[in-house]
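> Same order as they appear, the protein sequences are chains A and B. Positions 1205 to 1423 (our numbering) are the ones given, in order, by the first sequence. Positions 97 to 338 (our numbering) are the ones given, in order, by the second sequence.
Watch out, some of these pointers could steer you wrong.
[What the hints assert, rightly or not] Here are the simulated DSSO-like pairs of lysine-lysine, each with C-alpha atoms no more than 30 Å apart in a straight line:
#1 122(B) to 141(B)
#2 1420(A) to 141(B)
#3 296(B) to 141(B)
#4 1420(A) to 200(B)
#5 296(B) to 316(B)
#6 296(B) to 334(B)
#7 141(B) to 1323(A)
#8 228(B) to 1416(A)
#9 316(B) to 122(B)
#10 122(B) to 200(B)
#11 1420(A) to 122(B)
#12 228(B) to 1323(A)
#13 141(B) to 297(B)
#14 200(B) to 170(B)
#15 1416(A) to 1323(A)
#16 1323(A) to 200(B)
#17 206(B) to 1323(A)
#18 206(B) to 228(B)
#19 1323(A) to 1420(A)
#20 122(B) to 296(B)
#21 1323(A) to 170(B)
The set of hints was computed from the structure by calculation and includes no laboratory data.
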Amino acid sequence: MTDGFDLGIIVRSVPFLWDGLQLTFLLTAIAVAGGLVGGTLLALCRLSSFAPLSFAAGAYVNFFRSMPLILVIFWFYFLVPLVVGRPVGGFYSVLIAFTMFEAAYYCEIVRAGIQSVRKGQIYAGQALGLTYRQNMLYVVLPQALRNMVPILLTQGIILFQDTSLVYVVGLHDFLVSADIVANRDNRLIEMYATVAAVYFVLCLLGSLGVRKLQRKYAL
Amino acid sequence: MIEIQNASKWYSAFRVLNDCTTRVAKGEVVVICGPSGSGKSTLIKCVNGLERIQRGSITVNGVSVGAPDTDLPKLRAGIGMVFQNFELFPHITVVQNINLGQIKVLGRSKDEATDRALALLRRVGLHEQADKYPAQLSGGQQQRVAIARALAMDPVAMLFDEPTSALDPEMINEVLDVMVGLAQDGMTMMVVTHEMGFAKKVANRIVFMDEGQIVEDTTKDEFFGTRRGERAQLFLSKILSH
Ligand SMILES: Nc1ncnc2c1ncn2[C@@H]1O[C@H](COP(=O)(O)OP(=O)(O)OP(=O)(O)O)[C@@H](O)[C@H]1O
Ligand SMILES: [Mg+2]
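Please construct the entire structure, taking both the sequences and the accompanying hints into account.
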């Protein structure tokens, strides 16, 4: 370990870290979006009165929720190339793993959100002549999503932190990039402090932003 | 217009509706009253298929509500419904509430729907509130918007489930006035209410329910006159006295 706290190394490695951070952002954004869409579809299946559908969705959710994420990432790294018949690279396999894993968690969040909408609202939509699909789309889900904002945020922040697990398949996310610099220049303290500070600030900004949104859209 | 024949419904072993038979002719106003838990809300919800009956039949305008090939959304679109707790959609504005069904169900253009919405809001005295959210309105105002929302679908009949019982006393009349106006314009109405003033003014018939049964189905004059059942009388004396 070199003496003193070297701010210069942090400044010099900004472009390199920025590349890693972009990957982290991209993964988080796509996994949140994909997980939310997948989770909503799963939740609708789970709430369906058609038993095989709700059973299948329930099995999916319970399965993924009992698996450690890192295992799922590994699997898809080896599985996806087998399924599609050619190597797809770490990025895409990780993306699929995250989306499918997160969908299971978002499913339960969305399901609780849908159930938080009062029965009378559903009746009102039906009484207007809306079909099931229209009622979900225009009446139930918009209210469910608003009710879910705090917990969606929490899940998003967890996901943002979990993306650091991609190191296992050799992707250079923010944490890995910092790690590379830390070991190359033997600046562990500087780099890990930077990583911690950045994660902290981003998560804080995230929760402040959503709290603002929540106030704006509160019902 | 609305024919209910020998309708029965059970919640597992509990019989909510017990062989109910009644009808509402075109342009008629029928008031349904009865003690809490007697099945009034359930009966009215069965008319537009929000709840299903297990025995008997209900037809609206000749269409059977329970038939498997009935297009329920289409049937419901033609029947307006007003709820005890208003049930305006809280995440959209007043005018959007009134437009939703018009646009998505009737296929009207946004301009067309908005014109109709504003005309109806004017009729219920709320055209200045069009762009507010439901939570910004008083209960009485919300209920009038709910009536406008139902009317925007050009319904052949209107169902009301205790439209004033969640309201503060000073707001009850503003809602009843709108309903009286509707009745006088010839709207077919089935109204669950304990507002006997309203019943006296515009009802053609009164249906009295108790424990899932229709125990009294009479003209208004008979109901408020001398010939009426004991249970109805007892109940009536209670509501009339407070
Ligand atoms: N989903 C349900 N499951 C089981 N029982 C129910 C259900 N809905 C209503 N009931 C019961 O059916 C009975 C009739 O209910 P309903 O709401 O039709 O009564 P009501 O006459 O409208 O009473 P109120 O004046 O209190 O509104 C009540 O005893 C109620 O507890
Ligand atoms: Mg009721």
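> Now tell me, hint by hint, if it's right for this structure.
Checked hints:
no., hint, result
1, 122(B) to 141(B), "holds, 19 Å"
2, 1420(A) to 141(B), "violated, 35 Å"
3, 296(B) to 141(B), "holds, 24 Å"
4, 1420(A) to 200(B), "holds, 26 Å"
5, 296(B) to 316(B), "holds, 7 Å"
6, 296(B) to 334(B), "holds, 16 Å"
7, 141(B) to 1323(A), "holds, 13 Å"
8, 228(B) to 1416(A), "holds, 21 Å"
9, 316(B) to 122(B), "holds, 17 Å"
10, 122(B) to 200(B), "holds, 27 Å"
11, 1420(A) to 122(B), "violated, 46 Å"
12, 228(B) to 1323(A), "holds, 24 Å"
13, 141(B) to 297(B), "holds, 25 Å"
14, 200(B) to 170(B), "holds, 12 Å"
15, 1416(A) to 1323(A), "holds, 28 Å"
16, 1323(A) to 200(B), "holds, 21 Å"
17, 206(B) to 1323(A), "holds, 28 Å"
18, 206(B) to 228(B), "holds, 18 Å"
19, 1323(A) to 1420(A), "holds, 24 Å"
20, 122(B) to 296(B), "holds, 19 Å"
21, 1323(A) to 170(B), "holds, 21 Å"
In this structure, the earlier hints numbered 2, 11 are contradicted, and the remaining ones agree with it.
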